[in-house]
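The primary structure of each chain is shown beneath.
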Amino acid sequence: MIKRVIVLLFLLGLGLLFIAFMQGYTPDSELNLTGRYYAEHTAQDIGATNIVTAIIVTYRGLDTIGEVTVLFLTAAIVGMLLSRGNRKGKSLQRELPQSGELLTTGSYLLVPLILLLGAYVFINGHLTPGGGFQGGAIVASAILLMLLTDPLRHFSHQLIAIVESISGLLFVIIGVLGLFYAGGFLDNRILPTGELGSLFSAGAIPVIYSLIGLKVGAEFSSMLVNLSETEDS
Amino acid sequence: MVQIAMATGFILILMGLYGALTNHNILRIIVSFSVANTGVNIILVAVGYMHGRTAPILNEAVPVAEAAARIIDPVPQALVLTAIVIGLGITTLMLAFAYKLYERKGTLDISKFSELKW
Chain Z
9 MIKRVIVLLF
19 LLGLGLLFIA
29 FMQGYTPDSE
39 LNLTGRYYAE
49 HTAQDIGATN
59 IVTAIIVTYR
69 GLDTIGEVTV
79 LFLTAAIVGM
89 LLSRGNRKGK
99 SLQRELPQSG
109 ELLTTGSYLL
119 VPLILLLGAY
129 VFINGHLTPG
139 GGFQGGAIVA
149 SAILLMLLTD
159 PLRHFSHQLI
169 AIVESISGLL
179 FVIIGVLGLF
189 YAGGFLDNRI
199 LPTGELGSLF
209 SAGAIPVIYS
219 LIGLKVGAEF
229 SSMLVNLSET
239 EDS
Chain D
900 MVQIAMATGF
910 ILILMGLYGA
920 LTNHNILRII
930 VSFSVANTGV
940 NIILVAVGYM
950 HGRTAPILNE
960 AVPVAEAAAR
970 IIDPVPQALV
980 LTAIVIGLGI
990 TTLMLAFAYK
1000 LYERKGTLDI
1010 SKFSELKW
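Going line by line, the protein sequences match chains Z and D.
So for the first sequence, our numbering puts the first residue at 9; every next one is plus one.
So for the second sequence, our numbering puts the first residue at 900; every next one is plus one.
These are computed hints drawn from the structure, not numbers from a lab.
Only a predicted model underlies this, so the values are computations on that prediction, with no experimental measurement involved.
Yeah, the Cβ is synthetic: ideal placement off N, Cα and C, and Gly gets one too.
Careful: at least some of the hints might be erroneous.
[To be verified] With the Cβ distance kept under 8 Å, some of the chain D side facing chain Z (calculated, not the full set): (1) V901; (2) A906; (3) T907; (4) L911; (5) L913; (6) Y917; (7) G918; (8) F932; (9) M949; (10) N958; (11) D972; (12) G986; (13) A995.
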């Protein structure tokens, strides 16, 4: 009882802080200095139409490497935690019920389409809303659908690991190429920036974002597969 | 508009924290943290919103020359994109640890885990 009162008091204090913050908040009517710089320079310098993509892949590309590394660490830790103990020897004791005609047939139709949409989203990351992370999540959702259809389906961990490491390695190599052939680490102008708004524009951004998409998709898939393989006993 | 989004975000944070502090089931605590995480993301996006402007994508609606006067702040959006991905990683880690704890003790009641209590 006393615990609940303390919790409520804490939340009340926090709520009062939030209310004070909201009352003191006035929305900007002009872009601030950083936002203005990005708005004015993205088209000429980067050649991407999606400014958020330009920030993530080029202006703050180093942070994105960090982000992808955090994701990789998460996938690796999940794999390490859940694959401990030889689970392969143990066979499933209980029979799983059939997943049903609707789900099975639906997944045959939908999985290729979802994969295609995922690839579209990360290849067009510099033109439309979306990008590597979103596309990777869409690709992983296709894997999730396949796992829902058949929870015992075996996915090759090795293939996932190879896709992930190769795309991560190429990402860093492209970044280093920027050091030699353009302005700095992860500079996208190692390839021509092209015409604003066309698919082959914005220099290396489509390449980098596709690699990020593959890497993120592989990482999410490995998390899903690892979590699903705990389904035993 | 901004006020509504912000109020929603703050309420979600408070709801999530309340759930995380009062629930005993670890899975419910994880769900509560996800709710609080969503609230933070909504607030961050709301801070970057400016009335009467459009998304930071240059197309027919936003000519390059007028970009600075037409778009909302792209920086919070880039931040939130990162925050969502990291939030997903944290949720996965919490789930994996919850599975490990369940394997060890056969229960998900957090009050049964008293090894680190003093």
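Q) Hint by hint, which ones does the structure fall short of? A) Structure breaks hints 3, 4, 7, 8 and 12.
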